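**Q** Chain residues, written in single-letter form:
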Amino acid sequence: MKIKSQTDLWSGIMFIGFGLLAIWISRDFPFGTAARMGPGFFPTWIGIIMTGLGAIIALTSLKSEEDKIGKWAWRPMILMSAGFVLFGWGIDNIGFIPSVIGLCIIGAASGTQFKWKEAIPLAIGLMIGCWALFIKGLELPFPLFWWR
Amino acid sequence: MDFSNLFDNLALGFQTAVSLQNLMYCFIGVFVGTLVGVLPGIGPLAAIAMLLPATFNLPPVGALIMLAGIYYGTQYGGSTTAILVNLPGESASVVTCMDGHQMAKNGRAGPALAIAAVGSFFAGTVGTILIAVAGPPLAEVALKFGAPEYFSLMTMGLIASAVLASGSMLKAIAMIFLGLIFGIVGTDVNSGMSRFTFGASGLADGLSFVVVAMGLFGFGEILSNLEKGEEASSRELLNAELTHLYPTLQDIKLSTGAIVRGTAIGAFFGTLPGAGPTISAFSSYALEKKVAKNPQEFGKGAIQGVAGPESANNAAAQCAFIPTLTLGIPGSGTMALMLGALTIQGIAPGPQVMTQRPELFWGLIASMWIGNAMLVLLNLPLVGLWVKLLRVPYRLLFPAILTFMAIGVYSVNNLNLDIYLTVFFGLMGYIFLKLKCEPAPLILAFVLGPLMEENLRRALLISRGDPMVFFTRPISATFLVLTILLLIVIALPAVRKKREVAYQEPPAA
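Chains A and B are the protein sequences, given in the same order.
Under our numbering, think of the first position of the first sequence as 73, with each following residue one higher.
Under our numbering, think of the first position of the second sequence as -6, with each following residue one higher.
Read the hints as simulated data drawn from the structure, not as lab findings.
No experiment lies behind these values; they were computed from the predicted model shown.
Beta carbons: idealized from backbone N, C-alpha and C, even for Gly.
Hints should not be assumed to be uniformly reliable.
Claimed, not checked - Chain A stretches covered by chain B per the calculated footprint, using a threshold of three residues with CB under 8 Å from any CB of chain B:
# : segment
1 : 99 to 106
2 : 174 to 183
3 : 197 to 210
To be verified - When the alpha-carbon atoms are kept at most 20 Å apart in a straight line, the in silico DMTMM-like pairs for lysine to aspartate or glutamate are as follows:
# : chain 1 : residue 1 : chain 2 : residue 2
4 : A       : K187      : B       : E290
5 : B       : K429      : A       : E137
6 : A       : K208      : A       : E137
7 : B       : K98       : B       : E220
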């Protein structure tokens, strides 16, 4: 037994995982009968089918063509997520303008060719553009800074 | 068919659409759409999701006109980049790259762009007429649909989207089920129970469509682009001057047939729920190569290879509005967003829209035609501007896209949770791409999930739990038989091979 397709194996495992999770959570909901479906009926069945499909997909990984997943882009995964989380927290706590600048700079840093000399003017330009478009133009009611 | 009625309706539509305000919305939509479509890495779906908040304050007709403009603007912008830099702005223009870019290399970028524009305009016109003619009778049929018919129709649409997606079909079907689960997150309308909300009150109304779309198609795509390196996303431009725009007589002769055939293919696939512009463009290219007298020219700059697929993808883009507007069932993720916009404007989508809000329905149709005309007028003279835009390197572009995405997501509900969920779906989207799981069926299932559950529940309630109800009602049975046929046909070894070949990436030129 040799795994040929890593992508198939891991997608299978992913679907089994989501399927089991759906079944597990749905056990708290009344199942009902076919004629009177309860809130648990639909998700439980979906979970069961998804788990089954996942198992088949995982099994096909033994037969299908060789396929490696390859390297993951860890740096942008972490930095882009961090930038977004900062923005989500920031827009309520430190205001629109600092959040936009923060997201733009952290976002730019997730690329491989990051240069402060480019990122700062970009962030400032973007901030002005966003302010003009969203705050002035579309009148979205976001606080600009933490003091207002 | 009552044609005088049709003209009355179209007159009402044009009356609505040519008001100064609506013309302006149409223009803005088309312009911004093309702008975003030209930028690599943002497809129509992400573009509309990003610009959706900008339409919240508009009146419903204006908002819809603008969104429709953005939609076909992005389709169009995608082909411009495909021809000029061999970089498809979105998946439907992958085919255009093959011959369009070769033409540009041979110094014939002008005719390629012009033929693409003319083909798209012709297809758009036919599409508009088709919607106007087929819409009302279809809506009438749809009003007679009961729960079993709706359930079976949606099943057919979802399976079609999986069959027509690229990559493994099993995985695509599994993605449908995953999408259905994401779709039922929130409060169950029947029992009032919170499902899959993990105790978060922000999820009581379910996951926001914008969040899922932006995560999967915006955030996830950027991650995938960064993995390949910024250089891969910004390629060398052709320095050739765009001197002569006009195609030769020979070009026109060769393209006419291709445009007509492409339009027919696009109209067919566009109307089918679940299919769309991409598959239409691929099919049209394959057909043109078969019927051409000069098949050896294909891949080296055959003009039919541009004319056919471009017409097909535009016809499909237009006709995708048919199931969306008449049945209230979106055929693609993008159409789901349009329906979402309707709902936000307080209009329940479905066959009743046509009778209750005729000015909205017909105004939208008329504006589509006007928008298509604007695209032709706008694009050819502005090609120079789009080329300049393409010179912006990706490393400067993606932080800007990220920022727009974040603001866009937040402004829908003013919820921080939405931003965090976008990160979740973004990472999921990247994982899906790495595992070669096509996300398009998931997003369609996500939208249809609550509808499917509700119609399944109602159907089984009527039949007292007997699942045979889906087969004893003739219309419902037809949909299911078609679905099964589709699955059988695609499982045939010969077709399977063809399907794999059709989705092979074009050779990098």
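**Q** Compare the structure with each hint and give your call.
**A** Results of checking the hints against the structure:
Only when three residues or more bring their CB closer than 8 Å to a CB of chain B does the claim for the segment 99 to 106 of chain A stand; here the count is 4, and the claim holds. Remark: the segment 174 to 183 of chain A is confirmed as covered by chain B, as 7 of its residues place a Cβ nearer than 8 Å to a Cβ of that chain, reaching the required three. Interface restraint, the segment 197 to 210 of chain A with chain B: holds (4 residues with C-beta to C-beta distance below 8 Å; minimum three). For the hint linking K187(A) to E290(B), the alpha-carbon distance of about 45 Å lies beyond 20 Å, and the restraint is violated.
Between K429(B) and E137(A), the direct Cα distance comes to roughly 13 Å. Compliance with the 20 Å bound is thereby established for this hinted pair. The hinted pair formed by K208(A) and E137(A) fails the criterion: a straight-line CA distance of about 55 Å is larger than 20 Å. Proximity of K98(B) to E220(B) is assessed by CA-CA distance (about 29 Å); at most 20 Å being required, the pair is judged violated.
Of the hints listed earlier, those the structure fails to meet are numbers 4, 6 and 7, in rising order.
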